[in-house]
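4 protein chains.
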Amino acid sequence: MKAVSIKNLVKKLSNLGLESLGNLYTKNNIPKTEQIGELCNVLLSLKGEASSIALAEEIISAYTKFSAEEKTEFFQYLETGIGTDLNTIELAISEFLANRTQDAVQAVHKASESPRLELFRALNMASMGTQALISMRADIINALPSNPGLSVVENDLLDLFRSWFNRGFLEIRRIDWETPAVVLEKLIEYESVHEIMGWPDLRRRLEDDRRCFGFFHPVMPYEPLIFVEVALTNEISSNVSDLIKQEVNKNKNSSYNTAIFYSINNCLKGLRGVSFGNLLIKQVVEQLERENSSIKTYSTLSPLPKFSSWLKTELANINFLGTESKDRIAALLEKPVADQLENSELKKDLLGLCAYYLLKVKSRGKPACPVARFHLGNGATLGKINWLADESENGLNQSAGIMVNYIYDQSTLAHNHERYGQEYAIVCSADVRQLLPA
Amino acid sequence: MKAVSIKNLVKKLSNLGLESLGNLYTKNNIPKTEQIGELCNVLLSLKGEASSIALAEEIISAYTKFSAEEKTEFFQYLETGIGTDLNTIELAISEFLANRTQDAVQAVHKASESPRLELFRALNMASMGTQALISMRADIINALPSNPGLSVVENDLLDLFRSWFNRGFLEIRRIDWETPAVVLEKLIEYESVHEIMGWPDLRRRLEDDRRCFGFFHPVMPYEPLIFVEVALTNEISSNVSDLIKQEVNKNKNSSYNTAIFYSINNCLKGLRGVSFGNLLIKQVVEQLERENSSIKTYSTLSPLPKFSSWLKTELANINFLGTESKDRIAALLEKPVADQLENSELKKDLLGLCAYYLLKVKSRGKPACPVARFHLGNGATLGKINWLADESENGLNQSAGIMVNYIYDQSTLAHNHERYGQEYAIVCSADVRQLLPA
Amino acid sequence: MKAVSIKNLVKKLSNLGLESLGNLYTKNNIPKTEQIGELCNVLLSLKGEASSIALAEEIISAYTKFSAEEKTEFFQYLETGIGTDLNTIELAISEFLANRTQDAVQAVHKASESPRLELFRALNMASMGTQALISMRADIINALPSNPGLSVVENDLLDLFRSWFNRGFLEIRRIDWETPAVVLEKLIEYESVHEIMGWPDLRRRLEDDRRCFGFFHPVMPYEPLIFVEVALTNEISSNVSDLIKQEVNKNKNSSYNTAIFYSINNCLKGLRGVSFGNLLIKQVVEQLERENSSIKTYSTLSPLPKFSSWLKTELANINFLGTESKDRIAALLEKPVADQLENSELKKDLLGLCAYYLLKVKSRGKPACPVARFHLGNGATLGKINWLADESENGLNQSAGIMVNYIYDQSTLAHNHERYGQEYAIVCSADVRQLLPA
Amino acid sequence: MKAVSIKNLVKKLSNLGLESLGNLYTKNNIPKTEQIGELCNVLLSLKGEASSIALAEEIISAYTKFSAEEKTEFFQYLETGIGTDLNTIELAISEFLANRTQDAVQAVHKASESPRLELFRALNMASMGTQALISMRADIINALPSNPGLSVVENDLLDLFRSWFNRGFLEIRRIDWETPAVVLEKLIEYESVHEIMGWPDLRRRLEDDRRCFGFFHPVMPYEPLIFVEVALTNEISSNVSDLIKQEVNKNKNSSYNTAIFYSINNCLKGLRGVSFGNLLIKQVVEQLERENSSIKTYSTLSPLPKFSSWLKTELANINFLGTESKDRIAALLEKPVADQLENSELKKDLLGLCAYYLLKVKSRGKPACPVARFHLGNGATLGKINWLADESENGLNQSAGIMVNYIYDQSTLAHNHERYGQEYAIVCSADVRQLLPA
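Sequence order for the protein chains is A, B, C and D.
Each number in the numbering used here corresponds to the 1-based position in the first sequence with 4 added.
Each number in the numbering used here corresponds to the 1-based position in the second sequence with 4 added.
Each number in the numbering used here corresponds to the 1-based position in the third sequence with 4 added.
Each number in the numbering used here corresponds to the 1-based position in the fourth sequence with 4 added.
Quick caveat, the hints were computed from the structure, so don't treat them as lab data.
Check before you lean on any hint, since a few could be wrong.
Since the list can't tell identical chains apart, any single copy or any two copies may satisfy a pair.
Straight line, CA to CA, 27 angstroms or less: simulated DSS-like cross-link-like pairs of lysine-lysine [said to hold, decoys possible]:
(1) LYS249 to LYS370
(2) LYS69 to LYS254
(3) LYS351 to LYS366
(4) LYS370 to LYS75
(5) LYS351 to LYS339
(6) LYS190 to LYS249
(7) LYS388 to LYS330
(8) LYS388 to LYS364
These figures come from a predicted structure and were not determined experimentally.
One chain only, chain A, in its complex shape (with noise of 0.2 angstroms):
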C-alpha cells in the first residue's frame, strides 16, 4: 500500500463520514500497518452501524496487499494493539467471587472475551470476509514458530471458526465430472496423500467408478474444505497404486460389493483444528448405501505416515527381533527402494512390526499412528495389513510401502466407537493379531 492509496483510504474513511479519524492517516510517519490496526479499532467502535462494512472491505483490501513482514506487523498490533481491558475483567471477578451467580459468570465470560472476536465478526461482514479470515489465520500459523505471542490471535479465529463452521451450517456435495472447473482445481491443490498427476488423472477419479465427496460452507460454494476419494470395487484393495492406475469400468450396470475410501484430505490450513473427517466419513457410508445397495464392505487404504520414522528411533529397543532381521530393516530404512521389499524375511519381520506398532504402541494411551486414532476413534475395525501396498517414493519412506485395511461395519461401530472412548480398545481381525510376534 503506497502513500496514494493511504490518501485513498483517507477519502473513502471521508466518504464515511469519518474525517476526523481519517485525518490521522495522512502523517506518513505512522507506519502502514499501525494504522490499518488503529482503523480496526475504529471498526469495532461502529459497532455493526452499515458503514463497517465499507471500513470492512477497506481493511482486508489492505490486508491482502501486505508484504509477509507487514502481515506480522499487523499480527503483533492486533496481539497487543487490541487487548481486554483488564480492569473491566477484574471487576467482573469480584463481583464473581463475591456471589458465584451464573449472571456472574456470564459477566466475567463476556468481560473476558478478546475484543479481537468482535473485530473478526466486523471483518467478516466485507464481501469474502469469510475466506480472508481463514487465510489471515494461515497466515498466522506460519508466523506462529517465531512469534509465539501471536498463538492469542490465532486462538480468537479458531474459536470463531468452530462455531461458524458447525456441521449444521455446512452441505456434503458430490464433486463429480459435472463439478466446476474452479473447485475440481482444487483437489489437484490440495490432495496429498496421493498427488493428482493432472486432469486426466483427476479425471479418472471421479469415473463412474469412483466417488468423491466434500463439505462445503455455503458462503464459499467453491472452496472444499475437506474431501473424500472412493473407489469402488469388487474386493478390498491391498495396493493403492493399482487402485489409482486402473482402467475404468466402462460397464455401467456393473454393481460393485466394495467401497474404498483411499484419500481424505483437509484443505485449508487457516481452518486447522475444526474437525470434519469423522462426519463426512460416516456420511459418504451412509450416501452409498442409499444410492447403492449392493455395497456390503467399506474400508479404507490407509497410510502409515509415521512408522517409519518410528522404527528409526524404535528399532534399536525392540527385543522381539535378531540382529539379521534389524540390520535388514536398518538397511532398508536407509534407502527405501522397491527390489529390497522382495525379501521374505524382511517382509515377515516388517509386517510383524507393523502390527506391533499399531496395536501395542501408544502415546498418552491412544495408538502412536495418528491415522489409526482417527479410524478406531471412529468406531473402524483394523482389518488389514498389506504389503507392497504404495510403491510410490512417499509410501515406501513413509511406511516401506506398507498399507492398512480399516473397515466400517455399520453393525459394530457405534460398540467400537464407544470402547474406544472409554478405554481406547482397538478391535481388530484375526488377520491382523497373528501378524504381532509372539
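Model the placement of chains B, C and D on the given structure of chain A, informed by the hints.
Coordinates of chains B, C and D only, in the frame set by chain A:
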C-alpha cells in the same frame, strides 16, 4: 413423549452404542424432561463425534413434542443442570490474578464459557437444528416473565445467534411473485406494520411498481429474517393507506423518481436482539440505485408507534398549549376516529406536538421515538410530518393518523450518521422545524 | 398502434437497415394490420439474419396491442397474403409425376410447405416468442367459427407445436408449496374439473398427503402445460367433494396404499390438439412408485361430462327401462338436485344406465364417453361406478353426481392398451359388469 | 447386439404388450438391423402412446451398439423401408390439381411428409433422444459419400433440427472457470481454429481478460452448440499467436477498449447446416456492451482458410505481378516457413494479393473467402490485413501467416448488411483498399 417413545429412544441410544447410559432412562420415575436433559449431557460428552448428529436429532424431536410446561421444565434443567464448573473458573481466575497475561485472560474466558453453548452447537448439527434453536429461544422469551432465571439460557442463545447470523453469512434476496409460496405466506404472517389482507393484497405489494427485499440465511432458505416493502412512485407519499390501495401502474416502461420504504418487519422472535434493519435498508437503497437510475429520492413512510401513549402521559405537562387545545386532544385520544381530524386547530396543535415529540423529547439522550432513533441513527434526515397519513384503526390509535418521512440521502447519510453517533444530533428539514411550537 | 408508433416502427426498421421497405409504411392509407403483414414478408426475406430478432420483437409487440378485429384482419392477411407459391408446387409435382423418386417427394413436400411456418419460426426468435405464438393460435381458434378459412393458419401452428412440444423437450415437475406463486396461481386459473376456491383451497391440495405434477417446457418455466392432482389415501375414493374437503393428515409418517388421480387439466388453449395427458399420468404413476413403495393402487376418480346430455337425447330410445323409471329420470334431468338422488329405484336405474353408457354406447367404434376413451385407451381398467360422488352443481348437471374409478394397474396396462388399440376392447371389473341391465 | 439381447428385447416388447409383433424377431435369420427397422415401424404405429417412450429407448440403445456397417444398413432401411405412401400423395395431388385451394396444398404437404419425421419425433421422446438423433445424423453424414441415397434421410433430420434448434429455444451462456468440467473439456475437443493445448491453455483463455460464450439447448445443458472466444485488449490485435500466449492481465480493475473475437467454432457435426454463428456474434457484442461500457471496438482476428490454395491454382493467371514475384511466392507455397516471410518484397506482393483475393475474387457473385462471406454478410467492415499474424504451421500453410480484422461497428452494421444483401457490396477500410495492386 410417551413411555413407549422413551423405550424407542433407549433403543436408538443403544444403536448409537450408548447402552450403559441409555439403560438409565427406562426407569419411569424420572421425569422425561430430566431424562432429555441428561441426554443433553450425553451429547456434550460425545464432543462432536459422528454419533452426535443422531442424538441431537433425538433431543430436538423430543423437544418439539413437549408441552409448554415441559418446555419450561427443560429450560430450567438447562439453567441449573448444565452450568459452568466453578472450580475450573476459580482456578483460571487465580492464574489470571497472579500474572494477568493475555493467555490467562483467554483461559478465564474459556473456563467461564457456559457448556450450554457447546450443547447448542451440538444440537445445531441436527437437520433443521438452527430453526429448532431459534424457536427454542422464542419459547424461552415467552417463559421469561414467570422464570426470570432463564435469562442466562436465553443470553447464551443470543450470543450464538449474533455470531451465526453475521451479515457476512446472510443473502439479500428480492421477493416477488416468482418467489416460492412458502416464503410469501410468511410475509402475510410477519407483516405487523401494515397488515396484508390475504393473497390479492400480497400480490399487489409485489407488482412491477413495488419492491420487496429480505435477508435470508443459507440454512433456512424459506425463512425471511427481515423484509422491507418499497413502493416506486413519483412523489414522496404522504398517506400509506392510499399507497397500499393504489392501482397497479400497468405501464411497464414508466420511470419512477422516488422509492418509499413503507414497511420493515423483523420475522423471528427467536432472533430478537440480532439487528439487521440498518444494513437491509442501506443495501436496498444501493440495489435500487444500480437497477433504477431514475430514482432520486429514497424516503420512508414511517409510523410513530408511541406518540399517542406519550401524549396521554405528558399532555398535562405541556406548557405551550392552552386548555382548549388540550381538551380537544384529550377527546381525540379518548376516541381516535378519523372524523375528528377535520378540525384545523387540532391539526395545527398535533403537528406541533409531533415535531416537538420528535425533536425535543428524549430518553437517555436519544429521541424517545424508537422509529426515529432507528432511522436517524442510520443517518437519515427527518423530512416531513404527514397529517391524515394512516387512517387505519391502528394508525389512529398509535399516532392520531400521523406518519413521518425519513429521507435517505447518500450525500448526507454518513455525515448525519456520525453526528448522531457523537451527540445524537437530529438533522431535519425546514418544514419540520417550522412546525415546532414557539 | 397509432400513427406515431408506425413512425417509430419505420425508424426502427431503418435502424435495421431496411429503409427502402420501411418507407412504404408511412403512407397512412394502408391499414396497419396490412402493414404489419408486410413486415412479416420482410421478416421472411431476412432468412434468419441477426436483424430478424429485432423485427420479430416489433411484429409481436404490435400484434399484442391489436384489438380483436385487428387480430382477425391480421390472420386473414396470414391466410391469403402469405401463401404457397403455386408455380413452385406445380413444378415439383410435375417432377414427381415424372419419376416418383424419394427426392421428388421431398421436393413436393418442401414446395408445398406454407411459408407461414418459416414466418412463425422467425417470430419464435423474439423473446417470449413461443408464448406469443401460442396465444396467437388461441386467438385464431376463437376467431374460427366466423372465419373458417383461418383453419389453414391454425393448422400450420398446430404442426409446429406438435414438433416443438415433443415429450423429449418437456420436464415433469412436482408442484407444491415451494413452487413460485406465479405458477401456483395458474393452477387456480386452469383447474376446470374441480374449481379451486382461492389460496387456502389450493394450499390444501398441495399438502403432504397430496401430489401435483405438471409438464413444463424450458422456455416457459412458469407456465404449466398440463397438470394432474393426486390424493394419497387408504381407500379408493368414491366421493370427490369429500376428498377435496378432507382434513390434512398431520401424521407425516403415515403410509398410504392408494393414489387417487382426481383432476387432470390442460392449460393452454393455444396448444389444443397437442396431447400430453397419457404420458403425464403414466410418468406420475412411475414417480410415485419410486417414491412411495407402500402405494399399491392407482386409480382415477373421473367425471362423466357427457352422460346427462346423452341421457336427454337417448332416454326415449332405451328399451330396458319402464315408463315410471324414465319419468323419474327425466324429472331429475330437468332439475338435478341432490335430494332426488335419495331414491333407491332411481339410483338402481341410473347406475345401470351409466354402465350401459360406458360399456355399450359407441361413437365410431369407440366409447362415447371421452373420459372413458382417454383412460381405457391408456390401458386402464373400468373399476367402479360411484353414486353420489360429485354433489357440486356441475357434477349434478353433467352426470347426476356419478363418477367413475379407472384403475391403472401396471401388470395389465400394456395388455389392455393393446387390446383397446386393436378392437377397442374395454376391460372392466365384475362390479361394473353386474350393473349392466339384462 | 447378440442373440441374447434380441431375446431380451422381445421380452421387453412383450412387457409393452407387443407380443404378437415381438415374436417375429426371435427368428434369428432376420438381420438385426432389419429387426430394429421393423421396431421403428411398430413405434410409428403406436402414435405417441405412453409405451412409445420405452420402445424408443430400446431402439436407441440398440442403435448405439451397432457397428459402422450395421448403422449403414439401418440407415438404408430408413431410406427404403420407411417411405412415403405414393398412393396417398397421388390422391392429394389430384385433389390439388383439381382445385388448387390452400387446403389442398396443406393436404399435399401432409401426404408428402416423410414418415421418418414422425419416427424421429417418436425417438426423441427417449431420454437423451435428441443427442442420439444428432449423432445419428453425424453418422449418416459420414456414410453419405459411399451411400448418396441416404441424403433423403439426412435431409429429414436437418428439417427437424432447423425447427427444434430455433434461436428462441437456445440460451446464450458465459463459459468460464466456474463452468462444469464436462462442458470445458468440449471446448478443448471442438476448438479447431486455434487448438487448445490442454487445461492450462484452456484456463488462460477463460481468465478475467478473456470471454467465452456459447449457445446451449435446454435438453443438452452440457453440450455447447457453438462457442466464440474473445480477448479484451487495448488495441486491435494483429497476431493471434501473441494473443493466445499473452500473460494474464492481473489488474482486475483495468478497463479495456477493444474486444477481439479470435475464434468461433461449431461443435456438433450432426447439426451441420443449422446456423447459429451470426446470431451468437451479435449477441455477444450486445452483452459485452452492457457489461463493459469502456469497450469501443469490436473486431475479429480471422483466418483466410482458402487463400493459399486459391493462390496455388490462380497464381499463374495473375497479371499484375512479375515473374520474380511469382517465383518467390511459388517457393513459399511450396515450403511455407516463417523465415521466408522476412522478405519485404514478398510481403508487399502477398498483402496485395490478399487484398485482391478478398475484394475482387468472387464465387457466384460473393467473396470467394468463406470467412469473409460470413462476416461481411453480417455487416462487418473489412478493417485490416495483418502480416505475420499466425505463425502456426496451420496458419502458414493456409494463408502464409496472414490474418484479417473484420470490424463489427453497430453504427454501420445494419447498413452494410443490407448493401451486402442487395449486391454483395464489400465495405472496407482505406488501409485495405490501398493494398490493392494498381
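Evaluated hints:
Taking identical chains as interchangeable, the C-alpha atoms of LYS249 and LYS370 are never at most 27 angstroms apart, the minima being 35 angstroms within one chain and 55 angstroms between chains. In this homomeric assembly, LYS69 and LYS254 come within 27 angstroms of each other (Cα to Cα) only across copies, at 14 angstroms, whereas the closest approach inside a single copy is 49 angstroms. In this assembly of identical chains, LYS351 and LYS366 lie within 27 angstroms of each other by CA distance solely inside one copy; the values are 23 angstroms within and 80 angstroms between copies. For the homomeric pair LYS370 and LYS75, neither the shortest alpha-carbon distance inside one copy (38 angstroms) nor that between copies (41 angstroms) is at most 27 angstroms.
In this assembly of identical chains, the alpha carbons of LYS351 and LYS339 lie at most 27 angstroms apart only when taken from the same copy (16 angstroms versus 63 angstroms across copies). Proximity of LYS190 to LYS249 under the C-alpha cut-off of 27 angstroms is found in both arrangements, the shortest distances being 21 angstroms within a copy and 24 angstroms between copies. Taking the shortest alpha-carbon separations for LYS388 and LYS330, only the intra-copy value of 24 angstroms comes in at or below 27 angstroms, while the best inter-copy value is 78 angstroms. Only within a single protomer do LYS388 and LYS364 lie at most 27 angstroms apart by alpha-carbon distance; the minimum there is 16 angstroms, versus 74 angstroms between protomers.
This entry does not satisfy hints 1 and 4, going by the numbered hints stated previously.
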